[in-house]
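Residue numbers for the first sequence follow full-length UniProt numbering, so the first one is 1 and each next one is one higher.
Think of the hints as simulated: they come from the structure by calculation, not from any bench.
Be a bit skeptical, because a hint or two may be false.
[What the hints assert, rightly or not] Dumping the calculated DMTMM-like pairs for lysine to aspartate or glutamate here, alpha-carbon to alpha-carbon at most 25 Å:
# : residue 1 : residue 2
1 : K67       : E30
2 : K67       : E15
3 : K67       : D95
4 : K67       : E85
5 : K67       : E78
6 : K67       : D27
7 : K67       : D88
[Unchecked claim] Okay, the calculated beta carbon distance ranges per label pair:
#  : residue 1 : residue 2 : range
8  : R83       : L6        : 31 to 37 Å
9  : E4        : D60       : 15 to 21 Å
10 : E15       : R84       : 26 to 32 Å
11 : R83       : T50       : 14 to 20 Å
12 : E15       : G79       : 16 to 22 Å
13 : R84       : G33       : 30 to 36 Å
14 : D88       : S5        : 20 to 26 Å
Backbone N, C-alpha and C fix where the C-beta goes; we use that ideal spot for every residue, glycine too.
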Amino acid sequence: MSDESLPHRILACVESIPRGRVMSYGDIAEYCGANTPRLVGRVLSLDGGTVPWHRVVRSDGSLATHKSDRQRELLEAEGVRFRRERVDMRACRWDGAQS
DNA sequence: ATGTTGACACCGG
DNA sequence: TCCGGTGCCAACA
1 MSDESLPHRI LACVESIPRG RVMSYGDIAE YCGANTPRLV GRVLSLDGGT
51 VPWHRVVRSD GSLATHKSDR QRELLEAEGV RFRRERVDMR ACRWDGAQS
């Protein structure tokens, strides 16, 4: 399964997130076999923006630290439901296999 | 090898 | 629900 390197796997996973859906750093880490969610954030920062990074949020639904404004904008544009400053995980969480 | 840093997660108050 | 401290693991100087 891991014909690709871990960083590449993570990016592929993020790309697989459907429009209007989100995944937490921890979920992606587990799904891709990363030992720590911090690694996911690192990969995304290095990548720069060739993947829909805005669809990756914290496990509690809060947004990333520096780009939170931008991120919320993009997510709302995709129809993601917000509750104050947090994503409605209950409705938008994507596990990578859900229908 | 050791200490610092970070696009995180979890727990207690 | 909000805030702060603690635990994690990998990358870097």
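The hints, checked one at a time:
no., hint, verdict
1, K67 - E30, "24 Å, holds"
2, K67 - E15, "19 Å, holds"
3, K67 - D95, "23 Å, holds"
4, K67 - E85, "13 Å, holds"
5, K67 - E78, "17 Å, holds"
6, K67 - D27, "20 Å, holds"
7, K67 - D88, "18 Å, holds"
8, R83 - L6: 31 to 37 Å, "33 Å, holds"
9, E4 - D60: 15 to 21 Å, "30 Å, violated"
10, E15 - R84: 26 to 32 Å, "29 Å, holds"
11, R83 - T50: 14 to 20 Å, "30 Å, violated"
12, E15 - G79: 16 to 22 Å, "19 Å, holds"
13, R84 - G33: 30 to 36 Å, "33 Å, holds"
14, D88 - S5: 20 to 26 Å, "33 Å, violated"
Checked against the numbered hints listed earlier, the structure breaks hints 9, 11, 14; every other hint is satisfied.
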